[in-house]
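Asker: Given chain C, put chain R in place with the hints provided.
Protein chains: 2
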Amino acid sequence: MNAVTELAALLPAGTVLTDPDVTAAYARDQTFLVPGTPLCAVKARSRDDVVTTLRWATEHRVPVVPRGAGTGLAGGATAVDGCVMLSLAGMTAIRELSPADEIAVVEPGVINADLDRAARRHGLMYAPDPSSHEISTIGGNLATNAGGLRCVKYGVTRDSTLGLEVVLADGRVLATGRRTMKGVTGYDLTGLFVGSEGTLGVITAATLRLRRAPAAPPVTLAAEFPSPRAAGDAVAAIIAAGCRPVLLELMDRNTLRAIDDWKHIGLDPGVQAMLIAQAEAGPGGDAARMARLCEDAGASFVAVSTTPEEAEELIGLRRLAYPAKERLGACLVEDVCVPRSALPDMITAIEETAARHATMICTVAHAGDGNLHPVFVFDRGLAEPPPNVWAAADEVFRAALDAGGTLTGEHGVGLLKRRWLELETGPLAGELQRGIKQVFDPLGIMNPGKAI
Amino acid sequence: MNAVTELAALLPAGTVLTDPDVTAAYARDQTFLVPGTPLCAVKARSRDDVVTTLRWATEHRVPVVPRGAGTGLAGGATAVDGCVMLSLAGMTAIRELSPADEIAVVEPGVINADLDRAARRHGLMYAPDPSSHEISTIGGNLATNAGGLRCVKYGVTRDSTLGLEVVLADGRVLATGRRTMKGVTGYDLTGLFVGSEGTLGVITAATLRLRRAPAAPPVTLAAEFPSPRAAGDAVAAIIAAGCRPVLLELMDRNTLRAIDDWKHIGLDPGVQAMLIAQAEAGPGGDAARMARLCEDAGASFVAVSTTPEEAEELIGLRRLAYPAKERLGACLVEDVCVPRSALPDMITAIEETAARHATMICTVAHAGDGNLHPVFVFDRGLAEPPPNVWAAADEVFRAALDAGGTLTGEHGVGLLKRRWLELETGPLAGELQRGIKQVFDPLGIMNPGKAI
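The listed protein sequences derive, respectively, from chains C and R.
full-length UniProt numbering numbers the first residue of the first sequence as 1 and each following residue consecutively.
full-length UniProt numbering numbers the first residue of the second sequence as 1 and each following residue consecutively.
Next up, chain C with everything else stripped away, as it sits in the complex:
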């Protein structure tokens, strides 16, 4: 009996998939990266399935690549040759939702927006909202410490994670963290797993913090600026004034043109950048103040929603950004994050880089966090980004690091950014991280070659 047949016999019928056409569909995420060939895929339905798979993988020294919905943008769930692709997408139970304690205990396959909707039935919300929230899973969000639009106010996935249930490489089950709002017993193993991209173990449940949802839908404003720098100045002024936007997004000229070419929104040719912001409604809200600060910073036009429908229309512009770019060609979506004060300079640096390397870059930024997504657009006929795109990306990464920033704000390192990683963290951090990896996964079977 070969190893895969043995695994299939250990798991419920239909759990192990071996048809190459089928396993190929499990082998990649949303990047262009060409995956290796998996041995098989496992559709886990329970923690026991995960335990069985990992015990077997340890026994047979088979690499394990965990995956959720495959919406990753850094190659974290790309197959390596001879691996088992372990899908957690079928573990979709919300095991518990406690309004009194404002926590939920969920399995990793729960879709982010589904948890948010379940919470809202109790007047609560799940705050982290990556742009992929309708399609990405909590497990994937945990693996990359996903951010999102609202994280300017509520923080990233780590800030909403209280505890985890993890299956280690050898099949042992570990509980980390707690159900309480704070605690400091031993090292922060929860924080270690969040953002570890499947390299330390497989998360099979998470205790997450929910928050009270605002009583009324937020007020949205959109402001058009004659330069990215003016928009950056408005962001700085909004933060300095103590406003607390729920989201604060910036779109550059190229992004706006891509949207206009597609949807004909009537964009004024002089508009070089747009800010979209949301504030809580009501007397403590900041919409009017933010609008005034945008005008003071030189906005040529500011619209503030007066109804939920108008709010939806304005935020809808932001949602068009990514699909509009995909119409232009294949996309390398990057994810640098800089100190907020460096945002205008970083936008300028990206524009200069684009010109220098004759590359099309459209940038959207979670401006309140200094987190920019420069999207490098290239010929759809190419299997991967051409050399000028890589050269431009390299320049953007280095500019972000020079500005005191980071390679990745919320997408993770995956495979894509590994070659730049130690530019940021230095060799000593790399050595320590490899040491930690060794403690949790001495055989090196957990998502090898990723993240660290």
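In case anyone wonders, no lab produced these hints; they're calculated from the structure.
Any given hint could turn out to be false.
Any copy will do: because identical chains look the same in the list, a pair fits if it lies in one copy or spans two.
Stated by the list, open to error - Pairs of lysine to any residue residues, derived as SDA-like cross-links and limited to a Cα-Cα distance of at most 20 angstroms, are as follows:
(1) 153 with 307
(2) 153 with 280
(3) 43 with 93
(4) 153 with 125
(5) 153 with 355
(6) 263 with 313
(7) 437 with 168
(8) 43 with 10
(9) 153 with 243
(10) 153 with 209
Answerer: Relative to the frame of chain C, chain R by itself:
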């Protein structure tokens, strides 16, 4: 030349202290624990002093016990025989304070409240505010992941820590984290150091997140309740209503009596618990709503401040809690944290435990977080808590764990709680934590015997 003479020669004059009367003063924190005898104390003034000390300690296999102001309540900075007590209290520079990026880079000896005051000169604040904020250091706060009164709104020390500079046991200098609001390059080493109680390395600088200070001083309210359960119900109602208190503190009957015996505040004998809450002033503030919710939950009396002076007077009651107890005897200050919904039951459990073991327990709680500080009062003549106090503490710990809680919300494990640690975390977490320790400190010289 013996080892200590050699160290003294390597460091600036006056840095190494060997007079036993002097080193004894460095050998303990605020617990009753009897320390070992240090070899010497080092008053570090710079990162270089720390590097030199740790290189020397590695060479000579000398245990190193880092300390800040010695305000710890779990024995984390208690000397072991033959150790060097490494004081960071003299590293007091605020290296940078950037209003634009809302960050500060500080050395570990900076007093918490001094950083807050420096931030307020720019309209900012440093949010974590342990009760010891006027005397404890940022380094100590980081070592224990300190919480405080405001953490119900702003989170604990980890939530304000973006990056660290750490000297490892062998003297190598590690930079962790970043200056940006988010990032996910490699494992979260920053989170690993926060709360590690000096067992992984010595923090020599921290990049901390500041926040905009509210424009107006908060409104304070005090509410008296006929039972702890009614106060607990009010806490639940306040949270469920979506109020966002800046602090939400509960004092039990014994605490109130201790304050009244001392300061004669005219306490009504029927009052069994008091809530002290603060809300932001202004239209978005919640003081009036919280007052109404307290009345609905059965408060016999509610006072809401109308001036900053009245606010100070009400919050002053809370500040009296700890000194009032110290008048009663020696104190074992505990620190359990439970899910918020378990708060009333936990208060009842503590009262029953006190009766069963004929022990005086006064409880103050950061009620909004479910974090209780039962203070076990015992005869000042005793060197350490008598058996009935330990038996009662054991029961309280187990009750907290049974309620889904934790042994320590914000004080750390130190020496005091080590024997209960694996009751909470289990043996597997213990094994992994020892593995992590081994990666950072293979010789085991960093604060041996503490935290894990």
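Asker: State for each hint whether it applies.
Answerer: Comparing the hints with the structure gives:
1. For a Cα distance limit of 20 angstroms, the shortest separation of residue 153 from residue 307 qualifies neither inside one copy, at 22 angstroms, nor across copies, at 30 angstroms.
2. Taking the shortest alpha-carbon separations for residue 153 and residue 280, both the intra-copy value of 11 angstroms and the inter-copy value of 17 angstroms come in at or below 20 angstroms.
3. Within a single copy, residue 43 and residue 93 get their C-alpha atoms as close as 15 angstroms, which meets the 20 angstroms cut-off; across copies the closest is 54 angstroms, which misses it.
4. In this homomeric assembly, residue 153 and residue 125 come within 20 angstroms of each other (Cα to Cα) both inside a single copy, at 13 angstroms, and across copies, at 17 angstroms.
5. Taking CA atoms no more than 20 angstroms apart as the test, residue 153 paired with residue 355 passes in neither setting, with 34 angstroms inside one copy and 45 angstroms between copies.
6. For the homomeric pair residue 263 and residue 313, the shortest alpha-carbon distance inside one copy (13 angstroms) is at most 20 angstroms, but the shortest distance between copies (60 angstroms) is not.
7. In the homo-oligomer, the alpha carbons of residue 437 and residue 168 lie at most 20 angstroms apart both inside one protomer (11 angstroms) and across protomers (18 angstroms), since each shortest distance falls under that limit.
8. With identical chains, the CA atoms of residue 43 and residue 10 are at most 20 angstroms apart within one copy only, with a shortest distance of 13 angstroms there and 61 angstroms across copies.
9. Taking the closest pair of Cα atoms, residue 153 and residue 243 come within 20 angstroms of each other both inside a single copy (10 angstroms) and across two copies (16 angstroms).
10. Within a single copy, residue 153 and residue 209 get their C-alpha atoms as close as 15 angstroms, and across copies as close as 14 angstroms, so both meet the 20 angstroms cut-off.
In terms of the numbered hints stated before, the structure departs from hints 1 and 5, listed from lowest to highest.
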